[in-house]
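1 is the number of the first residue of the sequence shown in my numbering; add one for each residue after it.
It should be emphasised that the hints constitute simulated quantities derived from the structure, not laboratory data.
No experiment lies behind these values; they were computed from the predicted model shown.
Every residue, glycine too, gets a C-beta built ideally from N, C-alpha and C.
Among the hints, erroneous ones may be present.
The following label-pair restraints were derived from C-beta to C-beta distances [what the hints assert, rightly or not]:
1. W225 <-> M373: 40 to 46 Å
2. M373 <-> L468: 43 to 49 Å
3. W411 <-> S352: 26 to 32 Å
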Amino acid sequence: MQNPIALVMIAAYLVGTTLLGMVMMRRSRGGDDWAVADGKMGTLMIAVGIAGTRVGGAATYGVAGDVITGGIWSMWYSVNSFLALALVGVFYAVPYRRLGIQTVGEVFVHRFGSRRCQWLTSLCVQMEYLIVNIIEPYVIGRILTAMTGIPFGITVLASGLIIVTYTSMGGLWGSAATNLIHCVAILVGLGAVALIGLNHLGGWDQVVLSVDATIATTGQAATWWSVAGAGWLPVIGMFFAATMHTPAASVYCNFAAAGRDERTVKRAFLFGGLIAAPMPLLAGVIGIETLAKYGAEAQLASYQTLTRLALDINPWVGGMALAAVLAAVISSGGPILLSSATMFVRDWLPASKDWSQGRRLRAYRTTTIVYGMGAAVIAWLGPITSILDLLLFGFAMVVPPALAVTYSLYWKRTTEAGAFWGMMLGFVGGLTWYAFTHFVLPGQGEGIDPSYPTFFIPLIAIPLISLLTKEDGESKAAFFTKLNAVKADS
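Please build the complete structure, drawing on both the sequences and the hints.
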């Protein structure tokens, strides 16, 4: 067993936060309690809940690893984390709450009475959420295997079991309550490693000298320290993929519906963005320090050397930092797994709207268990290389429904045919682009992001097709009457 102090700290943290989520089971007595906290959450709980969804393994472990291998441009993820939540808070959270929806696909049921738009939206979003649900146990498993030597298959399945237990029992209340602890742990833990690591390595100037010596041998000297990396296309692509998809991230419908009133919801999303933004930045700094300490060795095993750096500095601080990374994983894995189960039941089982609260709760929990453990098996057996690249692909696939939702909410001339076929063309275009650039073009198509076709194709196709097709005037009038109503609690 390596570093028993750090291992005990991590075990205590995981057990403690999981038990807290389970204690919140008493607040999840029905389907609405479990999925949307029965509309009783305040600003702080929503803010930490949604901040956790933006962090996860990709924004900590993933950003640090990609900074090591590709340069500091990956730290743009920090800016995009704030912009993504601010975008939803200003333009989407209140409309979602007024419509009373729990999945983003339900926008199209209210707007057009369209099940096919709802199903296609769910397919796009579930593609991203499957990737997230795979990444989270993968990250926990890799860290635990590096620390204990236990085979990865065992640690990744155990990690999936932790997330499933925590989510299925605690529901949205459990996710928010534990995310309060997670957010504090992430900021304090990563901040401590970054500051103590800087001192451990002799200060910033020495860190820069060490990094320069390493990248000089890799051919990256001209691009590694550049905020644009090898060019602005990947940076812009990250913005499109990591930010523009967010309105269609169905988990934010859960949190929007959970707010006590409209003012609470809007403030919570802005506050959540401010909480989430520093986390990828701190992870990126740790990635720089990791490269400075281990040199070329860090380039060969970026994710494992992030673990080594924290533990080599000090076992107590290392334990706190690793617990923070695991906290980041659980903080996003729980709510997103919850939203995945909500979408499956509400979008793909239309009869569930007539079920009792108890029956719907059982369906949510059963789906959570099957979905979560299935994702853990894929994490164990699947070939995963760059976590951030995989997540950005998932983000890109959600951009078409995000644009369709935007047009449906803010352009009254949008038709059902325009929304559906615009989404379909964008989704297929993104899949085709990704497959072509990764499996046909030399160099795996680096710098050519699938978010470009998933953004520009529906951006043009939805209004064009809408202008060529007819709409239902009565359903449109009823939709906008409800959408534009000023609530007494706002």
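Verification of the hints:
no.: 1; hint: W225 <-> M373: 40 to 46 Å; result: holds, 43 Å
no.: 2; hint: M373 <-> L468: 43 to 49 Å; result: holds, 46 Å
no.: 3; hint: W411 <-> S352: 26 to 32 Å; result: holds, 31 Å
Violation of the numbered hints given earlier is absent; every hint is satisfied by the structure.
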